[in-house]
Amino acid sequence: GGIITQTPKFLIGQEGQKLTLKCQQNFNHDTMYWYRQDSGKGLRLIYYSITENDLQKGDLSEGYDASREKKSSFSLTVTSAQKNEMAVFLCASSKWDAEQFFGPGTRLTVL
Amino acid sequence: AQKVTQTQTSISVVEKTTVTMDCVYETRDSSYFLFWYKQTASGEIVFLIRQDSYKKENATVGHYSLNFQKPKSSIGLIITATQIEDSAVYFCAMREGASGSWQLIFGSGTQLTVMP
Chain A
1 GGIITQTPKF
11 LIGQEGQKLT
21 LKCQQNFNHD
31 TMYWYRQDSG
41 KGLRLIYYSI
51 TENDLQKGDL
61 SEGYDASREK
71 KSSFSLTVTS
81 AQKNEMAVFL
91 CASSKWDAEQ
101 FFGPGTRLTV
111 L
Chain B
1 AQKVTQTQTS
11 ISVVEKTTVT
21 MDCVYETRDS
31 SYFLFWYKQT
41 ASGEIVFLIR
51 QDSYKKENAT
61 VGHYSLNFQK
71 PKSSIGLIIT
81 ATQIEDSAVY
91 FCAMREGASG
101 SWQLIFGSGT
111 QLTVMP
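Residue numbers (our numbering), protein chains in the order written: chain A, 1 to 111; chain B, 1 to 116.
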């Protein structure tokens, strides 16, 4: 078994601020993902990484940067937070052909 | 373009009965993978069951099973002997295989409420 840890659990920022979310997994999975979930909606892919130092854009990558410096960690940066933005950001990991395991999420509020 | 559609926004059932949740998908790939996830009230997302497109037999795990109808591009989730703790939002998702994309496309979810 393993676990995915996301920090922080809650993130409050100001409009225009650069904000970073972190994710760690100890499954030893190669692939990691960042999703955004708006209230009452499904998940949309922002970025994913097949291996260390690899980055691939998802459908929602505009306004975000990502970094995968180690196999076990994957960071997401909101480059300029938008006022009234509220969403949950979910990190996931998987083996290359298998189901994804999800972290508990980071809830973002922008004032 | 790939797309996953869940038309049922919410379903209510009585405990110990069977419920089916619908999901249809669109893909150009001949090889793809279909998943069902459950999101609890706390926000936790849990993998439930998976169907690979090349497999004819419907997947079954515990009291979850799938109704895979490939000609209709449909993958229904069946929960038998429902329990109160099955109350959650259920998401259907698809990943295309041949294209090499790792992207998992999610449906909008179905809220299941199991009543005593």
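Just so you know, the hints here were simulated from the structure itself, not pulled from any lab data.
Quantities reported herein were computed from a predicted structural model and do not represent experimental measurements.
The reader is advised that the hints may include incorrect statements.
Calculated pairs, SDA-like style, for lysine to any residue (alpha carbon to alpha carbon, straight line, at most 25 Å) [said to hold, decoys possible]: (1) Lys-9/A - Asp-97/A; (2) Lys-22/A - Glu-85/A; (3) Lys-41/A - Glu-26/B; (4) Lys-9/A - Asp-29/B; (5) Lys-55/B - Glu-99/A; (6) Lys-41/A - Phe-33/B; (7) Lys-41/A - Gln-8/B; (8) Lys-41/A - Ser-74/B; (9) Lys-41/A - Gly-1/A; (10) Lys-83/A - Thr-51/A; (11) Lys-41/A - Thr-9/B; (12) Lys-41/A - Tyr-64/B; (13) Lys-3/B - Val-88/A; (14) Lys-3/B - Asp-59/A; (15) Lys-72/B - Pro-104/A; (16) Lys-95/A - Thr-9/B; (17) Lys-95/A - Phe-33/B; (18) Lys-9/A - Ser-42/B; (19) Lys-95/A - Thr-40/B; (20) Lys-95/A - Gly-62/B; (21) Lys-3/B - Ser-61/A; (22) Lys-57/A - Phe-47/B; (23) Lys-3/B - Glu-62/A; (24) Lys-41/A - Tyr-54/B; (25) Lys-3/B - Leu-55/A; (26) Lys-41/A - Ser-42/B; (27) Lys-41/A - Lys-55/B; (28) Lys-95/A - Gln-2/B; (29) Lys-41/A - Phe-47/B; (30) Lys-70/B - Asp-29/B; (31) Lys-41/A - Asp-86/B; (32) Lys-9/A - Val-88/A; (33) Lys-41/A - Gln-103/B; (34) Lys-72/B - Asp-29/B; (35) Lys-22/A - Ser-61/A; (36) Lys-22/A - Thr-40/B; (37) Lys-57/A - Pro-104/A; (38) Lys-95/A - Asn-26/A; (39) Lys-95/A - Gln-8/B.
For each hint, the structure was consulted:
no., hint, in the structure
1, Lys-9/A - Asp-97/A, "violated (29 Å)"
2, Lys-22/A - Glu-85/A, "holds (19 Å)"
3, Lys-41/A - Glu-26/B, "holds (19 Å)"
4, Lys-9/A - Asp-29/B, "violated (37 Å)"
5, Lys-55/B - Glu-99/A, "holds (16 Å)"
6, Lys-41/A - Phe-33/B, "holds (21 Å)"
7, Lys-41/A - Gln-8/B, "holds (13 Å)"
8, Lys-41/A - Ser-74/B, "holds (21 Å)"
9, Lys-41/A - Gly-1/A, "violated (29 Å)"
10, Lys-83/A - Thr-51/A, "violated (33 Å)"
11, Lys-41/A - Thr-9/B, "holds (10 Å)"
12, Lys-41/A - Tyr-64/B, "holds (23 Å)"
13, Lys-3/B - Val-88/A, "holds (22 Å)"
14, Lys-3/B - Asp-59/A, "holds (12 Å)"
15, Lys-72/B - Pro-104/A, "violated (34 Å)"
16, Lys-95/A - Thr-9/B, "violated (31 Å)"
17, Lys-95/A - Phe-33/B, "holds (14 Å)"
18, Lys-9/A - Ser-42/B, "holds (13 Å)"
19, Lys-95/A - Thr-40/B, "holds (24 Å)"
20, Lys-95/A - Gly-62/B, "holds (23 Å)"
21, Lys-3/B - Ser-61/A, "holds (18 Å)"
22, Lys-57/A - Phe-47/B, "holds (23 Å)"
23, Lys-3/B - Glu-62/A, "holds (20 Å)"
24, Lys-41/A - Tyr-54/B, "violated (30 Å)"
25, Lys-3/B - Leu-55/A, "holds (23 Å)"
26, Lys-41/A - Ser-42/B, "holds (15 Å)"
27, Lys-41/A - Lys-55/B, "violated (30 Å)"
28, Lys-95/A - Gln-2/B, "holds (22 Å)"
29, Lys-41/A - Phe-47/B, "holds (18 Å)"
30, Lys-70/B - Asp-29/B, "holds (12 Å)"
31, Lys-41/A - Asp-86/B, "holds (19 Å)"
32, Lys-9/A - Val-88/A, "holds (10 Å)"
33, Lys-41/A - Gln-103/B, "holds (17 Å)"
34, Lys-72/B - Asp-29/B, "holds (15 Å)"
35, Lys-22/A - Ser-61/A, "holds (16 Å)"
36, Lys-22/A - Thr-40/B, "holds (22 Å)"
37, Lys-57/A - Pro-104/A, "holds (22 Å)"
38, Lys-95/A - Asn-26/A, "holds (12 Å)"
39, Lys-95/A - Gln-8/B, "violated (31 Å)"
The structure does not agree with the numbered hints 1, 4, 9, 10, 15, 16, 24, 27 and 39 stated previously, though it agrees with the rest.
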